[in-house]
Amino acid sequence: MDVDTIPVFVMGQRVEVPPTLTILRALEYAGYTLTRGVGCRAGFCGACATVYRLKGDPHLYFALACQTVVRPEMYLAQIPFFPSRRADYRIEDLAAVPATLFTLYPELLRCLACGTCSKACPQGIDVRSYMAAAMRGDLAAVADASFDCIACGLCSARCPVEETQYNVALLARRLYGRYLARRSEHLAERVREIEAGAFHQGLAELRALDEAGLTSRYNARDIEA
Amino acid sequence: MAYTPAMLESIARVEASRPARLSATFPRMTPQERDEVLRRFHPDYIADATRAIRLGSCKGDRTPLELAEVLEAPPQLDPETFTLQDSELKADVLIVGGGGAGAAAALLAVQGGASVLLATKLRFGDANTMMAQGGIQAADQPSDSPVTHYLDVMGGGHFSNDPDLVEALVTDAPSVIQWLEQLGVMFDKHPDGSMNTIHGGGTSRKRMHSARDYSGAEIMRVLRDEVRSHPESIRVLEFSPAVELLTDGQGRVTGAVLLDLETREYKVVSARAVILTTGGGGRLHYQGFPTTNHYGATADGIVLAYRVGGKLAFLHTMQYHPTGVAYPEQIVGQLVTEKVRGLGAQVCNIHGEQFVFPLETRDVEAASFIRECQDRKTGVETPTGQPGVWLDSPMINLIHGPGTIEKELPAMVRQFRGFDIDIVRQPMLVYPTLHYQNGGIRIRPDGSTGVDGLFVAGEAAGGIHGSNRLMGNSLLDITVFGRRAGTAAAAHALEQQPGALTLEHLRAWNRERAELGLTGGRPAPILLPDYTRHIRAVRKEPLVPVG
Ligand SMILES: Cc1cc2nc3c(=O)[nH]c(=O)nc-3n(C[C@H](O)[C@H](O)[C@H](O)COP(=O)(O)OP(=O)(O)OC[C@H]3O[C@@H](n4cnc5c(N)ncnc54)[C@H](O)[C@@H]3O)c2cc1C
Ligand code: FES
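Chains A and B, in that order, give the protein sequences. Per the working numbering, residue 8 is the first one in the first sequence, and the count goes up by one each step. Per the working numbering, residue 2 is the first one in the second sequence, and the count goes up by one each step.
Calculated from the structure, these hints are not laboratory results. Glycine residues also receive a C-beta, built at the ideal position from the N, C-alpha and C atoms. Heads up, a few of these hints could be off.
[As the list claims (entries may be wrong)] Computed list of chain A residues with no C-beta within reach of chain B, every gap over 12 angstroms:
hint, residue
1, VAL45
2, ALA94
3, PHE154
4, PRO167
5, TYR186
[Stated by the list, open to error] With beta-carbon atoms standing in for the labels, derived distance ranges:
hint, chain 1, residue 1, chain 2, residue 2, range
6, B, GLN375, A, ALA232, 46 to 56 angstroms
7, B, GLN33, A, PRO14, 23 to 33 angstroms
8, A, ASP11, B, HIS401, 36 to 46 angstroms
9, B, PRO143, A, GLY131, 48 to 58 angstroms
10, A, GLU80, B, GLU81, 45 to 55 angstroms
11, B, ASP447, A, ALA94, 54 to 64 angstroms
12, A, ARG78, B, HIS352, 28 to 38 angstroms
13, B, THR264, A, GLU114, 32 to 42 angstroms
14, B, GLN288, A, ARG190, 56 to 66 angstroms
15, B, THR520, A, ALA211, 30 to 40 angstroms
16, B, LEU495, A, ALA94, 42 to 52 angstroms
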């Protein structure tokens, strides 16, 4: 084949792949049929967490295989699964108070604020700072700062004190969404109207129209600016 | 991977026209113009890209070649030799597919008193639901109403939708949003708690609810966490796709056979009702299009349901999302959310001129991009020969104030930044990509299919959107009909005794194939696309960007 290739190492094995491919595509190009370590292929599901080194470079790097292009002499390892802890709870039994986080995730208070998690996050989230907010019990801040988390698990895999940061964040967001964000009044009002049958007649009228009638109603819609 | 000099030259023209464009958006098409661009340029209208299905309950229906092939394919299991040893796995309701529809169905089935087994292909949540960025529709604003929503859905679907399903969709919508709000979904809200809603393509009111541009991910992770909060009644089996349904030999669905992707062993499940929530089929790459869909989107549920007599609806139409990434090549086909246009970004050709109203329905918008590139030759071409048009994202901060893009579209900013493109300052190059299965297995408002014991919900179902779905109505439909199917399946299950487990329907299927002279072929459901180079070399396919 007359494509230019570069060498990369997949779990120690050298393979030659085109330099334009993502790590995920490179694995497939090298002949792997993936079932682990792949999901959405677009940076949303967190299945493709990857750790790598570069030749002659002492650092470890972290990436999503589906969103990262290969580089020469990359030494790759996929982390398709990491045993993590999810506390048992029912959201409706909880209160949106700081103690909820500490009770369900007591290890939270062991956080050293070392920042290893932030360095590992392929989403560029400042995990350390939302963990600091979690220790302060500031649910709103955790919810906001962790929002883009895709739960790839790299923070937890790297944590020296065995936190499951992304599950703490998920709980904080659910508590925020359910209890702290103000409920939408117009939504509740609309649900009441529907339950009272307020739109039966309007719907029945539309349903009684033939296609021509419906089309002309559609074409005459006024469109909110 | 930053833009090439030729592309930068074209971008300069986009920038030059921007000040004037800020106050003048290209007008909407007339109904006649819409019809014409669809007929001439939409992929659904390419006659030799579809064919009639040769067997089964919807014999004669037309569907894309690639879908027809899997629909007619031989099963993986041979009914003559496969032994249905006693099933260890039993549940009142078996749910096949761990996306949003499956999770919603599981929760409501449990509320209905059923025990649930949820089997999914990869991990729970490796699903199209996780990838939805733009948002979810519901007519809850004072200026809006379910009646208006109904009209928009019907018009968007070219009046071909099943009215019963549309009525259920728009009527349940506000309560579904309220359910999600109560489960802890963080919708974008104003400080007073009111919903921050915007337009989507084809909406006449601002009814698109979002959670930044992680709308689907936020819904999926909350629903998944809620499912995980019910371990006593919901068991989740990952890496266990269904490869066949089981029937009692008299037409009632009684379970399924799963394939453990790790051990390659089959597992037999006995259930009193089955709900298929397997999603779409973008990974079949109709007409060679790249896709926005997740890796496991291979139309399996359609194949399984069809073999037991499920009816197909609208599977001749697929949705090509107008704004798939056209550059850089590593992410070709991945989605640029419609929210970018919802926030005011316009579309321009190589000369920096607008050529279409940015929020036509998706089919019309996509067809007009194809016309611009193929017919008018005013598209931009990338070094790999991929055509595209500009989506002028920097307008957003000019319209709504600095920081809006970063706040509203963090996933998009991050994705392009990874490839050295700053969408805050530079437009994105886009082209239509295979996005959504408009049709599916025909359902009734309770998710039932006419096949005893079989329910379908989500993208695998058909009829709700007619021949074209509007953005934000799918996240809505998976929740509305996932819930409805969960409730109905639980009620059905609790009235049934477990049935016999047979593969009788495959005998009939194989006979029909044999009578037609159909032999061989790749077994289906295919479960996963094969992207290894090794296979491509054998088939002599070029290394196309698959995302
Ligand atoms: C990139 C993207 C963006 C989108 N944006 C929006 C948006 O903004 N608004 C909107 O309304 N809609 C949007 N959509 C559409 C919407 O997200 C999907 O149509 C919807 O989420 C489908 O939900 P589902 O539960 O039916 O299927 P999915 O969420 O795809 O779940 C199906 C599940 O079934 C599993 N499965 C498949 N086959 C089998 C099998 N044989 N056995 C077991 N399990 C199986 C899959 O692996 C998957 O987990 C978007 C879609 C994509 C791809
Ligand atoms: S495969 Fe989903 S994030 Fe990479």
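Here is what the structure says about each hint:
1. VAL45: Non-interface label fails for VAL45/A: nearest chain B Cβ at 5 angstroms, not farther than 12 angstroms.
2. ALA94: violated (10 angstroms)
3. PHE154: With a cut-off of 12 angstroms, PHE154/A comes too close to chain B, as the shortest Cβ separation is near 6 angstroms.
4. PRO167: holds (26 angstroms)
5. TYR186: violated (8 angstroms)
6. GLN375/B to ALA232/A: 46 to 56 angstroms: violated (34 angstroms)
7. GLN33/B to PRO14/A: 23 to 33 angstroms: violated (58 angstroms)
8. ASP11/A to HIS401/B: 36 to 46 angstroms: Holds: the Cβ-Cβ distance is about 44 angstroms, inside 36 to 46 angstroms.
9. PRO143/B to GLY131/A: 48 to 58 angstroms: Check failed, 39 angstroms falls outside 48 to 58 angstroms.
10. GLU80/A to GLU81/B: 45 to 55 angstroms: The hinted range 45 to 55 angstroms holds for GLU80/A and GLU81/B, with Cβ atoms some 53 angstroms apart.
11. ASP447/B to ALA94/A: 54 to 64 angstroms: violated (35 angstroms)
12. ARG78/A to HIS352/B: 28 to 38 angstroms: For HIS352/B against ARG78/A, whose Cβ atoms are near 37 angstroms apart, the range 28 to 38 angstroms holds.
13. THR264/B to GLU114/A: 32 to 42 angstroms: holds (33 angstroms)
14. GLN288/B to ARG190/A: 56 to 66 angstroms: Violated: the Cβ-Cβ distance is about 46 angstroms, outside 56 to 66 angstroms.
15. THR520/B to ALA211/A: 30 to 40 angstroms: About 53 angstroms separates the Cβ atoms of THR520/B and ALA211/A, which means 30 to 40 angstroms is violated.
16. LEU495/B to ALA94/A: 42 to 52 angstroms: The hint (42 to 52 angstroms, Cβ to Cβ) is violated, given that LEU495/B and ALA94/A are roughly 32 angstroms apart.
Hints 1, 2, 3, 5, 6, 7, 9, 11, 14, 15 and 16, counting from the list given before, are not met by this structure.
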